[in-house]
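Undergrad: Sequence:
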Amino acid sequence: MRRPPKENEESTRGITRRGLLLGTAWLAFGTGLAARMRYLQVDQADQFRLLADENRIKDRLIAPARGLIWDRNGLPLATNEQNYRVVMVREEAGDPEEALDKLSELIPMTENDRAKALKAVMDRAPHVPVAVADRLTWEEVSAIAVNGPALPGITPEVGLSRSYPVAEDLCHVVGYVGPVSDYDLSRIEDQDPLLQIPKFQIGKSGAENKLERQLRGQAGNVRNEVNAGGRIIRELDRREGIPGDNIQLTIDAPLQNYVQARLAGEAASAVVMDVETGDLLACGSVPTFDPNKFVRGISVADYGELTGNPLNPLQGKAVQGAYPPGSTFKMVTALAAMDAGLIDTEETIYCRGYTEVGGRRFHCWKHSGHGNMNLNQSLRNSCDIYYYDIAQRVGIEKISEMARRLGLGERHALPMSAVSSGLTPTKAWKLERRGAEWVIGDSLNASIGQGFVLASPMQLAVMTSRLATGRAVEPRIVKSVNSVEVPIEETPELGLNQNHLRAIRQGMFAVSNNRRGTAFRSRIAADGKELAGKTGTSQVSNNRVNNANVPWEQRDHALFVGFAPYDAPKYAVSVVVEHGGGGSKAAAPVARDILLFAMYGGFPPEDAYPSSARAKARQIRNNLELRDFDALRDESSQA
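Residue numbers for the sequence shown follow the working numbering, beginning at 1 and rising by one.
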């Protein structure tokens, strides 16, 4: 049956509408698809190209050469030596245990080595390279390289490792480096990617630690093309790292070596300063240790030997030790009293062997007494009663204030570990820290460097330098950075009366050069090089002891401070011998010998010693084992 024309017209119109809708939809879909394809292929081309490159390109950091450390004369104190090692990337190696089994067939690995390597690999992210063997020979590295296809994820590398040519001499000053640990990463706020490099070495103590950022340098980068198995095909680009800064210290290595040798056999320390510049020329502490053992990974036995040693070789006593300064503090008390106008140089105080305060007797070291003492005589004979008397007049606040003016009781800004601030007590300090009021007996004890007063050998050297010059000399240990001299800051005057300072110096001169002086036997006989100093003996317990009749650890500490030459001061020295007994016997001869070595630039002529001391000086010289710095200099120049 034929449809009416009107019905056909309506049907055609409906089909056209549907076709139009479908066509529009297809057109919209095609347009969207084309736009998406353009977005992916044109707009995002760089991004997807980068993603593709990352699948075939591996970036690795290159550790820079660590900055070198030299002494003031260019002798090497910390250098870098070539080191071959093997690293593993877990995600490329597959089964780490199987990879280590294959590796152990090529190089010697103990079960302990293997266990440590496996733990290190498993503790790090799968993509992080981890050193699994270190300090390999060239033959071992060659064997690994030849067998590379059978060792996926394992790569031999050559790097640098720290070395300390003078070993024990400067372990407390230069310090040492060691592999960065999880503990290091947890305690330092340092996002430097270098710290993720396997067994990357960072400073652990001393200048190595305090100057870490300067010495470390900046990372380099290498881009390698790798195949599907992660094996390197070729190197695409390399940007070498920027080496760390080379640091020159103020230390004089031969003098430091002499100080260490002269102190050997004791628990002791000594500091030598240039009074004009504040340069630390020597900063000795004994006993000592070999920092190279820490770089390579010290054994449990070796570390236990160090920590179990009662003489504490790990402590840098020169800056970390805090001791009662004993009679070396008497110059402080005298200056405080003179500065306050409470005494003059000629006023005498009678010493009968003790003074009584508050129903308690405070004794002089000489029980029979010294008789009438003026300032010069009190320093020469180290009379305690003189200082007990003036301490009652001047009080602890002015004594502590003068001590701080002379450099005690403050932490000097030095790039060394655990620098002690010592202690110059006040009434407020005792109330806050001890919960008790200050009493007059505390002032008497403080006046002779006992009681609560504490000072490090470093601070005592600073005090001596300030007494010698009348200026606020500050210690410094960095001489130059990358051969650019660090400016020497101008030091202001202390603001003390020059007549008062002159009287103190004359008293110190009498200590060493007057026949009744406590250090007369340790004087310097050479004309123009005379020594001015002060002995000290500090108690380690509340009771006076006979050092010959008590165990070593109960004996008094022996101290000496001094400067030379007297007429034109150049060097200041402080010496502390723990439990050494009397300062005049144990510390003064050492200080004298050190100053002579510093002034002559080596061993002095015999006539620089008093005739009575020459045989002993000769014996000591013959028994000293000093380092051959000429050979070290030759090795350094050849390297």
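These are computed hints drawn from the structure, not numbers from a lab. Small disclaimer: the values here were computed from a predicted structure and weren't measured. Be careful, since some hints might not be right.
Unchecked claim - As a list, the in silico PhoX-like pairs of lysine-lysine whose alpha-carbon atoms are at most 25 Å apart:
#, residue 1, residue 2
1, K529, K585
2, K199, K119
3, K210, K116
4, K199, K102
5, K210, K199
6, K479, K570
7, K366, K585
8, K293, K199
Undergrad: When you check the alpha-carbon spacing of K199 and K119, does it fall within 25 Å?
TA: Between K199 and K119 the Cα gap is close to 14 Å, so the pair holds against 25 Å.
Undergrad: Take a quick look at whether K366 and K585 sit within 25 Å of each other, Cα to Cα.
TA: holds, 16 Å
Undergrad: Given the proposed pairing of K210 with K116, does the C-alpha separation stay at or below 25 Å?
TA: Violated. K210 to K116 sits at ~29 Å, over the 25 Å cutoff.
Undergrad: Just to be careful, I want the Cα atoms of K529 and K585 compared with a cutoff of 25 Å; is the pair within it?
TA: holds, 21 Å
Undergrad: Do the alpha carbons of K199 and K102 lie within 25 Å of each other, as the hint requires?
TA: holds, 22 Å
Undergrad: Hint check: K210 vs K199, CA-CA at most 25 Å. Holds or violated?
TA: The hint holds at about 20 Å.
Undergrad: Check whether the Cα positions of K293 and K199 lie no farther apart than 25 Å.
TA: holds, 15 Å
Undergrad: Given the hinted pair K479 and K570, is their alpha-carbon gap at most 25 Å?
TA: holds, 18 Å
Hint compliance for this structure: hint 3 is the single one not met.
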